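Going down the list, the sequences are from chains A and B.
Heads up: the first sequence begins at 1 in the numbering used here, then just goes up one per residue.
Heads up: the second sequence begins at 1 in the numbering used here, then just goes up one per residue.
The hints are simulated quantities; they were obtained by calculation from the structure and are not laboratory data.
Fair warning: there could be bad hints in the mix.
[Stated by the list, open to error] According to the in silico footprint, chain A covers these stretches of chain B (three or more CB under 8 Å from chain A):
| id | segment |
| --- | --- |
| 1 | 9-22 |
| 2 | 189-201 |
[As the list claims (entries may be wrong)] Quick list of in silico lysine to aspartate or glutamate cross-link-like pairs, DMTMM-like style, CA-CA up to 20 Å:
| id | chain 1 | residue 1 | chain 2 | residue 2 |
| --- | --- | --- | --- | --- |
| 3 | B | K270 | B | D205 |
| 4 | A | K47 | B | D133 |
| 5 | B | K118 | B | E218 |
| 6 | B | K41 | A | E20 |
None of the values given here were measured: they were computed from a predicted structure.
Every residue gets a Cβ at the ideal spot worked out from N, C-alpha and C, and that includes glycine.
As a plain string of letters, each chain reads:
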Amino acid sequence: MSADTVEILVPDEAWGESLEGVMLTWIYKDGAQVTEGKVIAEMMVEKAQIEVLAPASGRLTILAQPETVINRSFVIGRIAPV
Amino acid sequence: MAHDHNEPGRTFTMARAGREAVISEMRKHPNMFLIGEDIAKLGGVFGTAIGMADEFGTARVIDTPISETGFIGIATGAAMAGMRPVIEIAFVDFIGVCFNAIFNFAAKTHYMSGGQYKTPMTFMIGYGGGYCDAAQHSQTLFATLGHVPGIKIVTPADAYDAKGLMHSCLQDDNVTIWMVHKRLWGLGWLGFPLPLALSEVPEHDYTIPFGQSRIWREGKDVTIVGLGLTVHNAMTAADQLASEGISVEVLDLRSVVPMDRDGVFRSVAKTGRLVVADEDYMSFGVTAEVLAVVAERDPSVLKAPAVRVAYPDVPVPFSRPMEEFCLPNVERIVAAVRATLKGAKK
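Just chain B, with the same shape it has in the complex (with noise of 0.2 Å):
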């Protein structure tokens, strides 16, 4: 694609780097559609569609009623039969009603057609809490959709990674998820766009790819292993503990599925603290996953047991003070890791 040096740097913000590389890859397949509620007239609750139809029409940016079950079930059909189905999902919570066709179908179909089907598929979805809206609507769920395998699963913690997955996540022949923070869309009725999530976005198109971590803060103290929002929340919380001395990396995984097992050994390898934040509920899930890591390959490399930071396993309370001591915020991060500081092993 041309790219013109003269254009000055861009700041964007998530909701926009997403867009942008769902625009490009449309442009260039023109079997690849959008579908979701709340998309062709008003551009995506979470703003991830705005202006799409005015250019790709209505056959191609598509109104669905609030029947999540028959509209994922209809993009799985058109992605076996050879289309490119992009999906918009503004909370992840509805995806519920869905998981036959994702879990049998769209996730299992290349495999048990040996190959003969490809279901190239993405899902773009908003996830997590912070701001009052209750249980039904404020869930992470990772795990429950990264338990099953097929599927391949993102969450950028900037613009940059933004755009970048989703070319990724486009351009593969299979199931893709990619998965944005609510507070990080950029969206001002979820509060002011963060401005670590907001970076300068290339015009040209750009891969990111699967399974590879990003190091955000170089440390030699302690490794806070986060992704989405809590990435941010380890920023900040790496801020304040550097005033005391404590030197924190902060690692993103911006893969949940596949997961870049590397990255996270060598650098706990090299720190020999781990803490992990994460918004999904704690059982069964990435942070469990993560401390896997450290057990199965080498656990003598932690000087102090690893600590884990995640939602409580509870459903996410509607009032503010409740709902705030559940998160994954930087206050629990920063007792964390004084916790696998004062913790040495027996």
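This is chain A alone, in the form it adopts within the complex (with noise of 0.2 Å):
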């Protein structure tokens, strides 16, 4: 992993008092180049549906698949400069 790889996390704020989500949808593929700012990915806490933005733009990968489990802490996916 370069230094310059960014790590994606679900943002503090969406989990409120919940320390588990689910993963439901990536809209980018494995390997895409992502755009920062853009909703990249769909998860859930309890009820609501949280978005996931690109925290860079590169090159996506994919480390949390959809309908598995997550914590606060689990690092979803990772995206590498191009």
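Dock chain one against chain two, each of which comes alone in its own frame, and use the hints as you go.
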């Protein structure tokens, strides 16, 4: 992993009091080039749908698969510079 | 609209796809507005309006009290006065209190005014059961709405069709109803998104014509006609039957009104057998209308009696096993296909 690679985390404010969430869908495929600030994934905490924005521009690596449980500190993906 | 060719393919849920179409049309039409319950603050019970109040403000994304009679009356009057309302109703079950505005005003004003008034309004409505929400939150009601002339009704089965059909609805100058089965929205609390309902959705605007069915799978032994969620059940049934050497064609109506009668007849004339799968009540509904197409045009194309897989004429039970028993699920569709293969013309 290069030093410029950015980890994708679900922002703290999305979690509320919850410790767990569920990955729903990825809008872009593994390896796709994504743009900073665009919605790249959807996840769910309690009954609320959370949009995950790309924290940087670059090539997407998906780590958390749809329908899996994730927690606060889980890195759901990475974005590497191109 | 400019299309960014560097943009990688986007896989959308149906909620996101429909929303993208509404946002795009609202940017083009300053007289278009969205009205309904829990849309501005919450973004829609089923995620149909997430982020829209931020972009368009609460004058164009209007949260209403729980008063469908009131806000559908408002929307109908606004449409007659030259605006383009989009009405969000999370559950089709609640449409009963709005029938006068819809049936007698929205659907008939264009005709009764000799074309002087149009009613360009689009309903976005959730329907269907399968998640234990009981008799007043699980109905489908295609036939109830489709029976009255003057209303177009579509029900996409994947995200690509959801966006294209929504553009067609929003560009139409009279009443259109865009309906999505709740289990297809792609919302986590209603079950995980069905992989087949997620599809690649282009960034540019596009339309899908009303009354044009879509063949999801070609086959030669039997046609299954479905719409919405039953298309997915039919596809699973077709996979199972293929392993026994039975070749199934799956036809998605996409539009309830107008119905693609030519498309239905073409497929049945080819395969000679027909199963129709619909989650609306059995009697006086879509399944009967599809059978009527074949009966009226040429019943001799049928090698065996057609079979309907619809909701029994009973209220939707709350109990999970009782509801499962009633739904037009894969098991019932497979059994129906087997019945058509056994049945032979006398």
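Quick rundown of the hints versus the structure:
no. : hint            : in the structure
1   : 9-22            : holds (count 6)
2   : 189-201         : holds (count 4)
3   : B:K270 / B:D205 : violated, 34 Å
4   : A:K47 / B:D133  : holds, 16 Å
5   : B:K118 / B:E218 : violated, 40 Å
6   : B:K41 / A:E20   : violated, 24 Å
When held up to the earlier numbered hints, the structure conflicts with 3, 5, 6 and fits the remainder.
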